[in-house]
Amino acid sequence: MRVAIIGNGVTGVAAALSIRRHQPNWEIVMISGESSFHYSRPALMYIFMGHMSYKDTKPYEDSFWRKNRIDLVRGWVNEIDAAGKKLIMHEKDPVSFDKLLIATGSRSNKFGWPGQDLDGVQGFYSLMDLRLLYENVKGARSAVIVGGGLIGIELAEMLHSRNIHVTFLVREKSYWTNVLPIEESQMINRVILEQGIDLRLTTELKEIAGNDSGRVRGVVTSKDEFIECEIVGLTAGVSPNIVLAEASGIKTGRGILVDWGFRTDTPDVFAAGDCAEIVTEGEGRNLIQQVWYTGKNQGKVAGEVMAGRQSVYDPGIWYNSAKFFDLEYQTYGMVRNVPVEGESNFYWEHPDRSRSIRIVTRDGAVCGIKVMGLRYSHRICESWVAERRSLDYVLDHLGDANFDPEFYEKCEAEIIKEIRKQAA
Amino acid sequence: MEQNIIDYDFDEEALGFEEPEKAPAEPLGIGEKLSLAVLGFGILMFALQAMGMPPGGTWAGFLLVLLPVFFGTVFYFYLDFKGTVPGIKHDNIYFRGLTNKGVLGWLVGIVFTGFYIALYWFPEYLAGGIKIVNPLSLALSGSPANNWFFYGFLYTIAVFVFGVRMFMKYRHNRYQKIRTASVMFFQLGFAFLIPNILMLFNQPEFYLSYFWPLKPEYLFPGTLSYFVNHPGGLGMFLIFWGAVMTFIATPLLTYYFGKRWYCSWVCGCGGLAETMGDPFRQLSDKSKKAWRIERWIVHSVLVFIVVTTVLLWVNSATSGAVFGEASMSLKKWYGFYIGAIFSGVIGVGFYPIMGSRVWCRFGCPLAAVLGILQRYLSRFRITTNGDQCMSCGNCSTYCEMGIDVRAYAQKGENIIRASCVGCGVCAAVCPRGVLKLENGGTFKDRFPGADRPLGALIDSLKHA
Chain A
27 MRVAIIGNGV TGVAAALSIR RHQPNWEIVM ISGESSFHYS RPALMYIFMG HMSYKDTKPY
87 EDSFWRKNRI DLVRGWVNEI DAAGKKLIMH EKDPVSFDKL LIATGSRSNK FGWPGQDLDG
147 VQGFYSLMDL RLLYENVKGA RSAVIVGGGL IGIELAEMLH SRNIHVTFLV REKSYWTNVL
207 PIEESQMINR VILEQGIDLR LTTELKEIAG NDSGRVRGVV TSKDEFIECE IVGLTAGVSP
267 NIVLAEASGI KTGRGILVDW GFRTDTPDVF AAGDCAEIVT EGEGRNLIQQ VWYTGKNQGK
327 VAGEVMAGRQ SVYDPGIWYN SAKFFDLEYQ TYGMVRNVPV EGESNFYWEH PDRSRSIRIV
387 TRDGAVCGIK VMGLRYSHRI CESWVAERRS LDYVLDHLGD ANFDPEFYEK CEAEIIKEIR
447 KQAA
Chain B
-13 MEQNIIDYDF DEEALGFEEP EKAPAEPLGI GEKLSLAVLG FGILMFALQA MGMPPGGTWA
47 GFLLVLLPVF FGTVFYFYLD FKGTVPGIKH DNIYFRGLTN KGVLGWLVGI VFTGFYIALY
107 WFPEYLAGGI KIVNPLSLAL SGSPANNWFF YGFLYTIAVF VFGVRMFMKY RHNRYQKIRT
167 ASVMFFQLGF AFLIPNILML FNQPEFYLSY FWPLKPEYLF PGTLSYFVNH PGGLGMFLIF
227 WGAVMTFIAT PLLTYYFGKR WYCSWVCGCG GLAETMGDPF RQLSDKSKKA WRIERWIVHS
287 VLVFIVVTTV LLWVNSATSG AVFGEASMSL KKWYGFYIGA IFSGVIGVGF YPIMGSRVWC
347 RFGCPLAAVL GILQRYLSRF RITTNGDQCM SCGNCSTYCE MGIDVRAYAQ KGENIIRASC
407 VGCGVCAAVC PRGVLKLENG GTFKDRFPGA DRPLGALIDS LKHA
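From first to last, the protein sequence lines are chains A and B. First residue of the first sequence: 27, per this note's numbering; consecutive thereafter. First residue of the second sequence: -13, per this note's numbering; consecutive thereafter.
Just so you know, these hints were derived from the structure itself, not from any lab. Predicted model, so just to flag it, every value in this text is computed and none were measured. Any given hint could turn out to be false.
[To be verified] In silico DSS-like pairs for lysine-lysine, Cα to Cα no more than 25 Å straight-line: (1) B:Lys448 to A:Lys81; (2) A:Lys93 to B:Lys275; (3) B:Lys163 to A:Lys436; (4) A:Lys81 to B:Lys274; (5) B:Lys274 to B:Lys163; (6) A:Lys93 to B:Lys274; (7) A:Lys125 to A:Lys136; (8) B:Lys75 to A:Lys164.
[What the hints assert, rightly or not] So the derived label-pair ranges between C-beta atoms look like this: (9) B:Gly427 to A:Asp291: 45 to 55 Å; (10) B:Gly398 to A:Asp145: 39 to 49 Å; (11) B:Phe433 to A:Ile208: 38 to 48 Å; (12) A:Ile208 to B:Pro72: 21 to 31 Å; (13) A:Ser370 to B:Val71: 32 to 42 Å; (14) B:Gly398 to A:Lys436: 36 to 46 Å; (15) A:Asp291 to B:Asp437: 43 to 53 Å; (16) A:Ser122 to B:Lys397: 25 to 35 Å; (17) A:Asp294 to B:Thr70: 48 to 58 Å; (18) A:Glu117 to B:Gly426: 29 to 39 Å; (19) A:Gly138 to B:Val89: 41 to 51 Å; (20) A:Arg241 to B:Thr70: 30 to 40 Å; (21) B:Lys8 to A:Arg241: 18 to 28 Å.
Built from N, CA and C at the ideal position, the CB exists for glycine as well.
Kindly generate the complete structure, drawing on both the sequences and the hints.
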């Protein structure tokens, strides 16, 4: 049995390792045009800022793949011949397979802005984007970043570390407020401004202006203001990368359509991670998950299913984390940006405004916890949400969940006092 | 996939991603310039006096060097970090020659190495510097400065000025601040002032913060008989102190806190590594191969010093009847190759090439003992926060002991490694809040099989 995996990102790797665990004798081929070995995509920014070398971003030593008998092929797949069970490669011999996993990840969104294909305009997702950024920073003094999400703020931090003046256009009235409640969002606004980034809220990109040689020279905002710049970062989200699947006749919607075992409509072809769209029967919306952790978990389950086990993907209790310049963020369970009917929000912020916690309850049980500038235990918060613990129970045990380094100022007493006051 | 394909012949490994172009920086502030000028003045004073110019050898001459060098450096670091937002400060580490084995790094390595060679074998080359610190030596210990006093002085100053740098760099992190204050305190008090003041009162020069097997002579029969015969009660106390530290404090404190209680809070070697060595911590080799070499070398050194100590005692008990001169030559060999070349020349000289903990990782027999205790009989562990790891590798990169922390973190496992000195930097640099240093309530729950320490130790020996 020969399994081919397209993509060596976290999903492809998780799948390969899970197949190897359950099928010690199967042949596994992992194909990537981007890099010879798996690297950590979230670490791309650290290469650019000089925190790490490229090789430091590789989670496994190169010998690991040989030891686990996972063959690596460097190259781009032009087409999937699902009927002929082979992959047509660019300038390489075809790769045959018995089972196939598509783990092609995401692509940066481009919304048809005038000038979006000018030189100096780019997204930030891949090693190719990183290399392009190396070209684009040559001679650059200022940049405009469009789109207030996680990649946008990372790109702002990266360019800022090269002394490039960054203007950050955010469509919403506050940073990432389509995900974060206003208090947390404003905390990040302050962090952005403190770094000297020119943050423009409720401002959209209207068009990108170029010069005669086809290079960007500035942008026009929705407020008809012209901002001169040599780099435009387009970071208005990502979409499932379905180009290959679409071209090969595999059924797609926004992503590659799969069931809860990551099977596509085509026999023996699976898809998981950012590129997959899990079809939900009935009322619910289809599920597209595009963060590191879901990619890893989906890949693991897809690998199990491919290896012949009866696994079903369970998204479990949501969790995520990020870092906005120096401000850390962790979230567990369901915390909406705007509270809905039936939910209660309890919020504490440190007097110096550097730390906060939000606990959300629904039907008398804690359903979500969000911390900024604090570290909280994944396992404990997850168990509180899963076990539908009451706010009282959570407050009584809040200190157990603190995951800050030793000697850090413990704020739990203040938090409990404040939240009990709000709950009274 | 049209937009992503920029180049089919893209080789990220060969490309290496070196420094991207940088827009012009704001020029150095007036304060920083002034600090550097003051430092430069101090160095000039040192050079002139070392070549014999007045007022070398006087208090005035000493202060003309010490004050500008100390305050110039301290203020430079202070101002350099003051203008920044508190947080992790690792921008450009891999772009600078000094911190990424460039020309400057090698140059500094050669200078450090040269200094140690002069210190051990050609102290006459340091005569100029020794003369400058002479007034302080006379005041502290009552005797003229020699190369070792000069070395201890420089060492303490280095721990202090770079300690200030650590305070500024980690001013958002109380663990780092307290730990840095601790190594500064033990270096100044226990490794510099007390030994010298003991000499002033005609007592043996004794380092309370070092003990067997890092300071093997403290359990050698010759040293002990010297202490026993020393007039006054202090000699007996020092024997007692050394024995307590080795046989009681070491296992007990390591049980409760891990080896960090010593390696990154008390020890002078650790103190220098954690202060002056901090800019070089990322240079440690993280490969499995390096780990294997480390285990063999460090445990061989431990066996060597244990054998030497035992032989010296047998020799002393039998008045040389059994081994004759053999144990003495072992002792000399150890002193030369391990004490001088390994801990000094390679240990500090190679900071800019192999990272700040070469000696601690590959050579120190006390670290080996503490490590075995920490691995099998300690409550200390680094825990992983659920599944929050995204494998970025900051933890592994900045582990001065070359531990591939990420390999454990991405599997959600505790990090229980003999070599971990508990510096806490992995937890500090983690951008997702994944790592935490902890002293648990028991040693039993740290890894599968931890409840049977002896069994786990024997198992690991089988797989060595």
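Evaluation of the provided hints:
no. : hint                             : in the structure
1   : B:Lys448 to A:Lys81              : 32 Å, violated
2   : A:Lys93 to B:Lys275              : 15 Å, holds
3   : B:Lys163 to A:Lys436             : 16 Å, holds
4   : A:Lys81 to B:Lys274              : 15 Å, holds
5   : B:Lys274 to B:Lys163             : 32 Å, violated
6   : A:Lys93 to B:Lys274              : 13 Å, holds
7   : A:Lys125 to A:Lys136             : 33 Å, violated
8   : B:Lys75 to A:Lys164              : 24 Å, holds
9   : B:Gly427 to A:Asp291: 45 to 55 Å : 53 Å, holds
10  : B:Gly398 to A:Asp145: 39 to 49 Å : 44 Å, holds
11  : B:Phe433 to A:Ile208: 38 to 48 Å : 44 Å, holds
12  : A:Ile208 to B:Pro72: 21 to 31 Å  : 25 Å, holds
13  : A:Ser370 to B:Val71: 32 to 42 Å  : 34 Å, holds
14  : B:Gly398 to A:Lys436: 36 to 46 Å : 25 Å, violated
15  : A:Asp291 to B:Asp437: 43 to 53 Å : 51 Å, holds
16  : A:Ser122 to B:Lys397: 25 to 35 Å : 32 Å, holds
17  : A:Asp294 to B:Thr70: 48 to 58 Å  : 54 Å, holds
18  : A:Glu117 to B:Gly426: 29 to 39 Å : 55 Å, violated
19  : A:Gly138 to B:Val89: 41 to 51 Å  : 49 Å, holds
20  : A:Arg241 to B:Thr70: 30 to 40 Å  : 32 Å, holds
21  : B:Lys8 to A:Arg241: 18 to 28 Å   : 20 Å, holds
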